[in-house]
Amino acid sequence: MKAPEVAKYILTSCPTLSEFHAYMFGSSLVSTGSDFDILIVGPSGDTLSQLKLEIRAAGSMLPLDVLYMLPEEAEETNFVSRKKCISFENLCKLNNDITKKCSTGVA
Amino acid sequence: MTWQIKFALEYLQKNARLNSAEHIRDDAIKIELHDGSEVIAIISAAYKMTTELAAQYHVDFPDMSFLCGYRKECIWDGGAIRYVQEKQIGWGNAGSLSDAVESGDFINAEHKLYFFSYRLIRQMRSISNLDREYDRVFTMSLKNGNSYRVGMIMEYEPTADSIRTFWDQFGPIDVAWNINPNGSPTQQAINTGQELGCKVVKWEELKQLMGNH
Chain A
1 MKAPEVAKYI
11 LTSCPTLSEF
21 HAYMFGSSLV
31 STGSDFDILI
41 VGPSGDTLSQ
51 LKLEIRAAGS
61 MLPLDVLYML
71 PEEAEETNFV
81 SRKKCISFEN
91 LCKLNNDITK
101 KCSTGVA
Chain B
1 MTWQIKFALE
11 YLQKNARLNS
21 AEHIRDDAIK
31 IELHDGSEVI
41 AIISAAYKMT
51 TELAAQYHVD
61 FPDMSFLCGY
71 RKECIWDGGA
81 IRYVQEKQIG
91 WGNAGSLSDA
101 VESGDFINAE
111 HKLYFFSYRL
121 IRQMRSISNL
131 DREYDRVFTM
141 SLKNGNSYRV
151 GMIMEYEPTA
161 DSIRTFWDQF
171 GPIDVAWNIN
181 PNGSPTQQAI
191 NTGQELGCKV
201 VKWEELKQLM
211 GNH
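Protein chains in written order, with the numbering used here: chain A, 1 to 107; chain B, 1 to 213.
Keep in mind the hints are simulated off the structure, nothing from the lab.
Treat the hints with care, since some could be wrong.
With beta-carbon atoms standing in for the labels, derived distance ranges [claimed, not checked]: (1) B/211 to A/12: 51 to 59 Å; (2) B/38 to A/43: 34 to 42 Å; (3) A/43 to B/171: 21 to 29 Å; (4) B/202 to A/78: 46 to 54 Å; (5) B/102 to A/56: 13 to 21 Å; (6) A/12 to B/6: 19 to 27 Å; (7) A/93 to B/48: 47 to 55 Å.
Quick reminder that beta carbons are idealized off the backbone N, C-alpha and C, glycines included.
The shape of chain A in the complex, shown without the other chains (with noise of 0.2 Å):
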């Protein structure tokens, strides 16, 4: 499973994802890595317990690495800049252009 694939998978089996910005980072945006770097930033709370609880379902056959910030972290770490993540939206857009070159036999 490639980081678009994973990035529409959680997506799809998170629904409180959509309170919050989901984004991937690290070697397994170009590679194969040990596992899939993910960040999570948004409110904590009943609302972050839940998204947890999703998340674990949904990573329970897969190798995650999930890192969770609150906005002012995020914000003071430049975290999203630095490290280069891309958002899961991007990813899925990606996902799609692939599949639509695929099925077109477009290289």
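With chain A fixed as given, assemble chain B onto it according to the hints.
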């Protein structure tokens, strides 16, 4: 073939220098190293590696050279660590297995996330007793009479959530030590530590706490 075996085989074949790697049965794979020798590694999907589970794997595969907790969340009990070390079996995550494959040294292979930090602690002369409860939690008794329960936090930049989650998983700690040398805890992580009653520190602050100025 289980999901973690598939990932592990793909990861090893792309990231380590070896002749071949193949699934044998259950959670075991056979790796032919680049020098032609063969080893057996167990690739476990357990969330927690207990003494009992490690011992069971050893009964099932007496020739095993490495026990890999493939999940990032996998927590190793201190008892499981002591068991595999006594039996001269390497242990750790996928990266640790990959390193062992590269070096050919499985006997001394340890979880790479915690290896350097825990070795550093073992070398401190101010410590009179050290008890490793989990791969990332130990209690150190100092010669000056003080005792601290310490959690090793590997995150690049520990967040409020990582401190709170660690506390919930492992119970109260006196010190959350950020062992990743390339980052620092966020201000919210430090504040969360203060709320819970633990210091969130880097190595220099931990050293001061231990009285090794």
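task: Would you pick out the hints that fail for this structure and give their numbers low to high?
output: 2, 4, 5 and 7
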